[in-house]
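Knowing the structure of chain A, use the given hints to seat chains B and C on it.
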Amino acid sequence: MTIQDLVREATYLEIPLSADECLKCNVCNTVCPVSRVTDRFPGPKYVGPQAQRFRLATILPPQSDASPRDASPDHTVDYCSGCGMCTIACPADVKIAEINNRARAEIQAGRRPRLRDWLLGQTDLVGRLGVPVAPLANWTLRNPVIRWLIELVMGIHRKAPLPVYARSTLRNQLRRSAAAVVDGRTASDTDPSPDRAVVLFHGCAANYYEPHVALAAIDVLRRNGFETIVPEQVCCGLPLMNNGLYAHARRRAATNIPVLAAYARRGYRIVGTSTSCTHTLKAEYREMLDIDDADATAVAQATWDICEFLVDLHEQGRLDTGFGGLDETLPYHAPCQLKGHGIGLPAMDLFGLIPGLRAIDMDHDCCGVAGTYGLKKEKYNIAMAVGDPLFRRIREADTARAACDSETCRWQIEAATSTPTRHPIEIIAAAYATGDHDRTNQPAEANAAT
Amino acid sequence: MRAAEAVDVLIIGGGATGAGLVRDFARRGLRCLLVDKGDLGSGTSGRHHGLLHSGGRYVAKDPLAARECIDENLVLRRIAPACVEDTGGYFVVTPDDPDEYADGFEAACRASGVPCEEVAVAALLRREPALNPHIRRAFRVPDGALEPWQLIDATVSDARARGSDIRPYQRAVAMKVTAGGRIVSVDLADERSGSMTRVAPRFVVSAAGAWAGRVAALAGARLAMAPGKGTMLIFNQRMTDSVINRCHRPGDGDIMVPVHEVAILGTTEITVDDPDVYGIDRNEVEALMVEGTKLFPDLPRMRLLRAYAGVRPLYRDDEGATAGDDGREISRAHLIIDHEARDGVGNFVSIVGGKITTHRLMAEQTADVVCQKLGETARCTTADEVLPNQGDGRTYWLGHRLAEHEDDGGGDAELICECEMLTRDRLERFLDARWPCSLDDVRRGTRLGMGPCQGAFCTFRAAAVVAERAGGAEPLPAADVDRVLLDFLDERFRGTRPIAWGRQLQELWITAGIYGGILGAESLAPEAVRGDG
Amino acid sequence: MATADVVVVGAGLSGLTAAIALAHDGARVEVVARGNATTHWMPGGFDCGSFPGAASPSAAVEILEARAGHPYALLAPDLERGLAFLRGVLKTEGLVYSGDLDGPLRAVPTAIGGTRRVGIVPDAQAAAMEPWAARERLVVCGIAGFKDFSAGPMVASLRRASVWGGDGLTARPARIEAVEVELPDQKGRRNINALELGRGFDDPAWRRDAFERISRAVESTGRGPGRIGLPAVLGIAEHAAVLDDARRFLPLPPFEVPLVPPSLPGVRLYGALRAALLRRGGRLSIGEPVVRIETDGTRATAVVLSAAVRERRVRAGAIVLATGGIAGGGLIGRSDGRLEEPLLGLPVDAPPGDDWLADEAFPVEGHPLELAGIRTDAELRPVDSGGRSVFENVRVVGAMLAGHRAIRERSGDGVAIASGWRAAQSLRLGRAESERERPSRRGRRPAAATPVARP
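Chains as they are written, first to last, in the numbering used here: chain A, 1 to 450; chain B, 1001 to 1533; chain C, 2001 to 2455.
Here chain A stands alone, though its shape is the one from the complex (with noise of 0.2 Å):
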C-alpha cells in the first residue's frame, strides 16, 4: 500500500483539523470585524487556528491527581462574533470562525451556562411567551427603565435591538388563512409533487416577530407555481451553538432533520427566508455539531435561502419577471451569514431584475450585532462600532427604506439608522404588486411587456 492509497474523509475532524493548513499569513486578520474597533480581540489567527494547537481535542477529566484541570485556556476568543469574514479571506481552507465557535463552547462546557446566555438561545420559548401578550411584552421591552433593570441584571444592553413581536405567529395565522399547507409531522401523499411545492423552513424571527416576511414569501413562490409546505419545526439551534449550548442545540436538530429529511428524500426543495436559519441547515449541523449522516445530508443538500432559489428558477427561464417598476435608491446589506453560504448575491441578482430599481450594494462587511452577539452589554459598543461605516452609508442615501436578508442585521440597522430594513422578498414582493397593478390599470401595454 502506498501513501495515496490510505487517504480517506473523515468529516468528524474537519474543522480542528483545518487548522492544520494555517499559513500564519495574517490575511484574516485584515478582514475581522471586531479586532478593527476593540483591543480586547487579538484577531483571529490568534484565536482560531493559533491557540487551536494549544487546546486538547476534548476536555477530559485529569487523569491522576497531579494532572491540572483541563479547563480550557481561553479568554479572548470569546469576543469573535462568529461573522465568518475570515473563513472566507482564508487563502489555506481554514475553518477560523468555526474553530472559534468550537472553542467558544468549550469555554462554557463544564460551567454552568450564564442565564442570559441560556436565554437569548431559547428563541422558541421567548417567542411563545411573548406572542399572546405582544402589546404588552413590546411595551416592556422598549420601557428604557425595565432595559435598564434588564441590563443590570442579566447583561442585555439596554439598547440592544430587540424585535417586536408579532400579534399573532406565522403559523397560527396560516393555519387560519390556509394559505399554505401547515402539515402535521410527516410527509405525506396528500402533498403536492415537488415540482409544485416547496418546504418552508421559517425560523424563529418569521414566525414571532416578521411573519409578513414569510408571508411575502409565499405569496411570491405562489405566483411562481411553488405550494408552500410548513411542517412541525422548531429553531435550528443557531443561537444556541452561538452561545455555547451545543447539547440543547443538538436536541433541536434531533427534531428539526428527521422531519426535513422526510421531504428532503422525496425531492422537496427546503427554502428559508432567514439566512442564518438556512445557513445551519446547510452547514452549520455538520460543522459545528458533527452531525452528517445522510438524513442530515439530505436536508443540507436540499436547503435554499429563498433569494437563491428564485434566482434559480430565473436561470432556468422559470421565474415570472412580470415586475413593475420601483423607482428608488435602495441600500442592501449583504449579511455576514449570506456570505458564508457562497452564493454570491443572489438579492442584489433578482433587484436586476426590476425596473428602476437602483439596488446598491453597501459593501461592507458586517452589521456587528451577528445574531446574539451585539445583543449582550460587553459586546453592544464592538457591535456598534462593526457596524458604523455601514450606518452611516445607509443614514447619508436617506432613503424610504433599505434592504437585508437576515433579520438580525434588519433590526440592528433599523435600531441605528433609523431606515425601514426589509427582506428582499418583501421588494420583490412590492415589484409584483406593482406590476400588477399597472396592469389592472392598463391592461393592453402591461400585457404586452409581460
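For the record, the hints were derived by calculation from the structure and aren't laboratory data. Every residue, glycine too, gets a C-beta built ideally from N, C-alpha and C.
Listed next, the stretches of chain B that the computed footprint assigns to chain A, with coverage defined by at least 3 CB atoms under 8 Å from CB atoms of chain A:
#1 1400-1413
#2 1446-1457
#3 1505-1517
Relative to the frame of chain A, chains B and C by itself:
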C-alpha cells in the same frame, strides 16, 4: 592557558545523563564541572521521541529494561512534574498485528511491574477519534511525554545551586594520562571563542552518548559505538492526546507521541558511522508514513511540519557483535564501562546506551561506581527531592502557555513567536541568562520557531531582540546579528527539506518571499547569500 | 447558471490585471478566489527585474528575456503596455506609483536593515529611491511596542557599506540615526500591529498627534537635510490623505519601509485593484474555492465553485488561471515528488522530487524548484512537453508560469503584469469574433456605487 582548574569530577556530555550525573555528584557534596561541546541537550537527549516510557515496549524482550522504565517513570513524575505531560498511553492491536503478542501483553506487563489494563476499543475510539477504527484490542499503560530541555535545565540548576559549574560549548580536545593510568588534566576548547581551558579532575565521567568513543579515545581507551540513527516525523497538530503504540514486536514507525502542540511519529533504526553526519531521505519518510497510517488512517492528510533524527548511543560490545542495519537487537539498557580494568585508565568511566526515561538511574549507578572508587561514602538522593522550577507541582498542561498569556490579557503585542506564544519578556530573560548563544539554543529553551511557520515570522523579531538586548553596553555588531538570523533560518530549513511538500512547501515559499522579497536578506551577508546575477 | 465571458481564477496581481483589462474592454468578467493571498504578502511595488549590474528594470528585463524559457522571452513588449495601463487604472483609485522601467534601480532600506534594489514603487516608498546627497541623513523612526520594526538594529545594520551593494549604483546616507516614538493611545494596548497602526493613521486627529510626536523625535537628532524612514503603516483606507499629511507635517520627506505580512502596501494595492474591477462592472467572489474546471476536449467550459452546500457553476467562455504558483497554492507539491496543478491537471514543468531544493536555505544559485511552473505558447495557452496547446481558451499567468525565479530575479510583479495584460489582449481578440453571439445583459448585477478600498 591559565593554571588548571581543580574539580572533583569532570563530566563530559551535557545530555540528560550528564545532567543527572552532575546533580547526583553535587548532592553528594562533590564539586563538579559539566561540559558539552554544544548546548546542553543538543545531542541525543534533545532529539529523542519525546516519550516517557511506561516500559510496555520492552516487556516482551527486555523485562529488566521495562522494569527500569516504569520505576523511573514514576520517579520523574514525582521529581519533575512540570517536564512530564500525563498523556497516558495505549498499545493497540491493528489488523496487521499478531494476536499472540497481544495475548501475552498484559501478563508480560504485570511481570515487569508495568501497570496495564485492557480497555474497550469503542471507548478508546471515542477518546481518540483519529485512531484506526479497525483496532481490535487496546491496552492502557502510563506512558507520558517528557520535555528534555526543561528537564536538563532544572536538573543542572540543582547542581549549580550546590556549587557545581555548568559550561556548554566546551569541547574536550586532549587529555593527559600518566604512565600510571590516571587522567591528570583535560583540555577544553571553547567552540565559540576558541579559547582554551585546562581542568584537573580527580575523576572523569563520559556521558557523551553517541560520541563516547571519541571522548574515550582522548584517554587512550577504545570504545566502539554503533550510533543508531532514528528518524522522527513531526506533525503540525496533535491528532492524538495520548501516546499510541503498536502492540507488536517493536519496529519502525510504531509510536505516535503528542509533544507540546505537535505529534511525533517514530522511529527508524539505521546505524551510522558518524553521529554528526547523517541525512534523512525520502524513503525513510515514506516508510514511517506507511506505518503511521496503520495507526491513523488520515495521516497522509495531516500536515507534516518537520523531520529530524537523533542518534542512539548504542554500544558495540567487545565480542564485536555488530548492530547491522537493525540495531534493535543490542540492549538498550545502559552499560557502565570502567576503563580501569579494560583500558588501564583508573579514574575514567563511560556510561553508554540507555534512554532518557532512565537517565536518573543511569546517573545513580554510575555515580555509585565513581564514588566507590573515589572513596566517597555519600549516597544518592536524586530521587528524594523535587527538581527546581517545577511550578505548583502539577504535570504539564498543553494549554498552559495560552492560559498564562490569556490570564495576562492576551493580545499579540508581546508575542515574539506567535505560533508558540513566546513573549518578549521570556525571550529577554533567556538571553540575559544565556547569552552568547544561537537562536537554536534559544529555541531549545523557549520553543522559538517550532510552530507552523518554522521561523518565518519570528526569526527576524527574535534577531532584533538579540540585537537590542544581548550586546549589553555595546550594541551587538550587525554582522553577528546577521549570522544569528541566517543560521537559524538555515537550521529551520534543514528540518523542512526532507518533508518539503504540501503546506510546508508553501510555507517555505512564503518564507522566501518574506526574507528575499521584503526584507532583502540577500544583502546582509553577501558572501553567504547572493541574489541572482 | 451564471455565465461569464472570462472567469479569472485567483485574485492576485496577475489575475486582477487580466480581469481589469478585460472588464475595461467590456467583457463580462468574474474573478473567483479561495481567499486573499499573495497581494497581502508583498511589499506593494512592481518588481520587474533587478540584479547587481543591471542599471534599470529594463536592463534586467533585457537580460532575462534572452534566457530560454523565461516568460519575458514571450512577454517583454507586454510589460510596458501592461504597466502603463495598470498605473493609469490605479491612479484613478488614488494609488500612485513612482519610477519607470527605464528609470534607475536603487537600493532602498528594508525593515531588518538590509536593502533591496527596486525600480517602481508606490508613491509612499518613492523618497527612498532618490540618490543621497552628501549632507543628507536618514532618520529611521520606530514605533514603541511595535515588534515588526526595530529602528536601532535596523540602523546599526544600515550603517555598513556592504548592505548597500557597493556596486557604485547607489550612494548611501552618510549619517543614519534611529529614534523611537510612542504613538497616541498605544500604552497599555494588548495588540499592536501594522493593521492597528494603519487604522490609527486613517483617523485625521490621531495622525496629527502622531506626526507631531514623530517630528519632535526627528528634530531631536539635529537639523539639516535628510529623510525619514517609517514602517509601512501610513493608513489603509485613507492612505493618500495620510501621505499628504505626512509630507506636510513632517520636517523631512518620509518614505515607507515595507513590513512582513500583512503588508499594508499590498493590502492597499489589492483594495485599489478590487475597486477598479468593480468600477468596470467585474464581479469578484472571495472565499469560493474552485473545486474543478469542466472541460470539453480542448476547451474549458465551466468553473465549479464550492458553496456551503452544492456547487455553483459558472459557464465560462475562457479561463485565466492565476492561482499563484507554489506560494499562492496553485501548484501543490506532493509527497511522491510530483508538482501538481490541481484544477485543470495541466502538465507541470518541474525537476524530479529529490532535486527540488538545495541543501541550504539560501543557496547562491537558488533552488531548482523556483523555475517550475506551466509552460505556455506565445498566447499564454498551456502546452504540454511537446509544445502542443492543451486548452485553447485557457490563459496561464503570473507565478504559475515556468522559467522565472520571482524572488531571486525580482521579476514576479513584472511577469504578473505582463502576462495578465497579454492574457487579456489575447482573449479580447478572440472574443471579438464572437461578439455577435453574446446573450442579453438583463439581470446583470449593478456594480457597487462607491468602490471602497477594503482593508
